[in-house]
Amino acid sequence: MPTKVRKIACPHARFSIPLTLRAPDTNDLVQDSLVKFSVPHADWVRAGQSRADGSDVALLYVGVPIDFVVDPTTPYNASETHLTFRMQDTLPAETSTSAYTLYFDPSNRAPALPGAQTVVPRRILQDEQSVG
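Going by the working numbering, 5 is the number at position 5 of the sequence shown; the sequence numbering is gapless.
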């Protein structure tokens, strides 16, 4: 995942990070698989690009907000904030997708997008799949 933040033309947020996911060489990454990734949220807060409480952070799949959870051991405003979400569609082996995008905007001019939860259910941490 690129760490460079770019300004975007979006009705809901001024900043975005496109997420590129690649399925393993031998297995599909099936729908509902869990994907965990980390972001340097504290850097964005220091740069004035996101709110310290993360209330402006949203994850979208092809433009539609999806649910995600924040690992309570690496909360918002940390150097490494861990987020987990479920795959919305199956990704065949040896392929990639850029259908997921993380959006954020600290201004009060636009309403925060839905999506963030602050408690990670134990079952999510137990059956998590890593994507590299």
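Keep in mind that the hints were calculated from the coordinates and are not lab data.
Even for Gly, the Cβ is constructed at its ideal location relative to N, Cα and C.
Treat each hint with caution, since some may be false.
[Claimed, not checked] Now the in silico label distances, taken between C-beta atoms and shown as ranges:
id: 1; residue 1: 89; residue 2: 25; range: 13 to 21 Å
id: 2; residue 1: 89; residue 2: 47; range: 27 to 35 Å
id: 3; residue 1: 20; residue 2: 74; range: 17 to 25 Å
id: 4; residue 1: 107; residue 2: 26; range: 32 to 40 Å
id: 5; residue 1: 89; residue 2: 26; range: 30 to 38 Å
id: 6; residue 1: 24; residue 2: 107; range: 16 to 24 Å
id: 7; residue 1: 66; residue 2: 26; range: 38 to 46 Å
id: 8; residue 1: 46; residue 2: 92; range: 21 to 29 Å
id: 9; residue 1: 53; residue 2: 93; range: 14 to 22 Å
Checking each numbered hint in turn, tell me which of them this model violates, lowest number first.
4, 5, 6, 7, 8, 9
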